[in-house]
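Enquirer: This is what each chain is made of:
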Amino acid sequence: MLEAWEFIVRRPELLAEWVLAHLWIIFVAVIIAVFLGAFLGIFITGKGREQIADTTLYLAEIVMTIPSLALFGLLMLLLGSIGLKSIGFLPAVIALIVYGQLPILRNTYTAIRAVDPAMVEAGRGMGMTERQILFKIELPLAVPVIMAGIRTSIVLLIGIATIAAFIGASGLGVPIFRGIRNARMDLILIGGISVSVLALLVDGLMSLVERRITPKGLKVGRQ
Amino acid sequence: MIKLEKVTKVYADGTRAVNGMNFEVEQGELCVFLGPSGCGKTTTMKMINRLIPITSGNIYIDGVDNTKINASELRRNIGYAIQEIGLFPHLTVGQNIETVPVLKGWSKSQRRERAEELLELVRMKPSEFIDKYPNELSGGQRQRVGVARALGADPPILLMDEPFGAIDPINRVELQSEFLKIQQKIKKTIIFVTHDIYEAIKMGDRIALMKDGKLVQYDTPADLLYQPKDEFVEGFVGADRALKGLQLLRVKEVMTGTYTTANIEEKAEVVRKRMEAEGIDLLPVVDNSGRFAGSVSISDIMSSSRAANVKDVMNQSEATSDVNAVLNEALSLMLSSGLKTLPIVGEDNRLAGILTFDAIQEALHEAVKAGGTK
Chain A
1 MLEAWEFIVR RPELLAEWVL AHLWIIFVAV IIAVFLGAFL GIFITGKGRE QIADTTLYLA
61 EIVMTIPSLA LFGLLMLLLG SIGLKSIGFL PAVIALIVYG QLPILRNTYT AIRAVDPAMV
121 EAGRGMGMTE RQILFKIELP LAVPVIMAGI RTSIVLLIGI ATIAAFIGAS GLGVPIFRGI
181 RNARMDLILI GGISVSVLAL LVDGLMSLVE RRITPKGLKV GRQ
Chain B
1 MIKLEKVTKV YADGTRAVNG MNFEVEQGEL CVFLGPSGCG KTTTMKMINR LIPITSGNIY
61 IDGVDNTKIN ASELRRNIGY AIQEIGLFPH LTVGQNIETV PVLKGWSKSQ RRERAEELLE
121 LVRMKPSEFI DKYPNELSGG QRQRVGVARA LGADPPILLM DEPFGAIDPI NRVELQSEFL
181 KIQQKIKKTI IFVTHDIYEA IKMGDRIALM KDGKLVQYDT PADLLYQPKD EFVEGFVGAD
241 RALKGLQLLR VKEVMTGTYT TANIEEKAEV VRKRMEAEGI DLLPVVDNSG RFAGSVSISD
301 IMSSSRAANV KDVMNQSEAT SDVNAVLNEA LSLMLSSGLK TLPIVGEDNR LAGILTFDAI
361 QEALHEAVKA GGTK
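Residue numbers (our numbering), protein chains in the order written: chain A, 1 to 223; chain B, 1 to 374.
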């Protein structure tokens, strides 16, 4: 423990570099995962797409069961075989996007499906087009649940991103792997504790964001 | 205004929900679709604004076939209020009411003005409610906002699907009466779906009674009550149709208009002598501008000092009824308050007359007789 502290004091720039690299990979992955997941989630709620929805959600669940170490390895080989950069940032981001899909996709789908049909009928009955129903009624009402999905996804990815070090990406996985290889307790502690602290911080931040963008009318109630 | 021609709806599973429906709703009329559940009343209504596509037949709105109009465009010109109210919880009361005006592209100030006007109409203070959210309102208030929203862009036609269905009975009666008052002002063409015969009789200018997707009888409430076309109608109307007729009469049609009153400034002793001379034991009291102030009885006066004025001895907390109230509400009030004569007030709380049991009985008897001989 003391050694870990001494290391941080001695080489703060190294820790900062790992943390920033870690956050950067997650940031890029999450942004893409959110758009992809939300878009897919909205798409599969469409009329007559129940079959597609079931299949998509099932696939997303299967992906979650693949061990992350194996997925990183698989991507490395796959990207290499099609001539793309097979180690480092790119495969790491792709793997995280894939892993981050399920919570976002499932929550978007569930939240939109859960919107009171009376609400949708009222909108349609007043002359809203299907697009207006989606953007003016369904999505605003689904925001809290979609946000919860994004939050789950981010916390999940912060942990998984450590394994990205295995395929040569930077981040807090680097000190952990280095610590394991060289039997350096201090490095393992630095990596592990930083990941936990990061996850807690980001989770707290996201809960603030979540509360902020939840429509006010959904938060108030008669006492 | 709205004309249905051989309107038929067959669902994919072969159910004939509506079967060759023919009738017309006149401009400014409130037409109630009445019938047991599954009779096709809601389906018929939803074919008017094309929420449910028609299988065969035609619906004309102002002479235009409704399938020739763009569906969204059509719906923006037909107000729509539903049982679950369907207020959008993420929008304020004002934004909810402005829904259709926004869709129609009204300017911001125009929309706001309209929302305030409509809140006034449904008797909710705009400054207090316009920025509230639906979750902060009571059931009755939400229902009022639902009605205001349906009137948002001032559509000539309103479709209302059991609009007061989710409200407790006491508030429902009040909302119905209020809505009738509003309708007197706005004169919209309204389709009003209900399965409640009392509501139908109270609200409707005409009632379309349906069964198994067919129109059984299309008549005024009085004709439906007193001249049922067949056994189904008779059964649906019920054996107590004379009592239901109470709903058809307004207090103003039955009350005694001219009546002795006392003034608050009068000497109690003088009033007592007048009451004794005319053989009356309860007298309504009015203030100097004719507003109802209370009632005074001979015993009230007897038990007070000789020098007292009427206002010192009168009973202020007397029940009253509005001239436009439905007769059964007034009767119910008389029964529950134990009053033999009920003071009736008009606009501005001015005394308009009194209502007695004798007058009610006579009016009902007349109605049944007239219905039976028509």
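Hints are not guaranteed to be accurate.
Stated by the list, open to error - Mimicking DSS-like on lysine-lysine, the simulated pairs with C-alpha atoms at most 25 Å apart in a straight line are:
| hint | chain 1 | residue 1 | chain 2 | residue 2 |
| --- | --- | --- | --- | --- |
| 1 | A | K216 | B | K132 |
| 2 | B | K132 | A | K219 |
| 3 | A | K136 | B | K104 |
| 4 | B | K188 | B | K46 |
The hints are simulated quantities; they were obtained by calculation from the structure and are not laboratory data.
Enquirer: Against this structure, judge whether each hint is valid.
Expert: Hint-by-hint comparison with the structure:
1. A:K216 <-> B:K132: holds (10 Å)
2. B:K132 <-> A:K219: The hint holds at about 12 Å.
3. A:K136 <-> B:K104: holds (15 Å)
4. B:K188 <-> B:K46: holds (18 Å)
Hint check: no violations occur; every hint is consistent with the structure.
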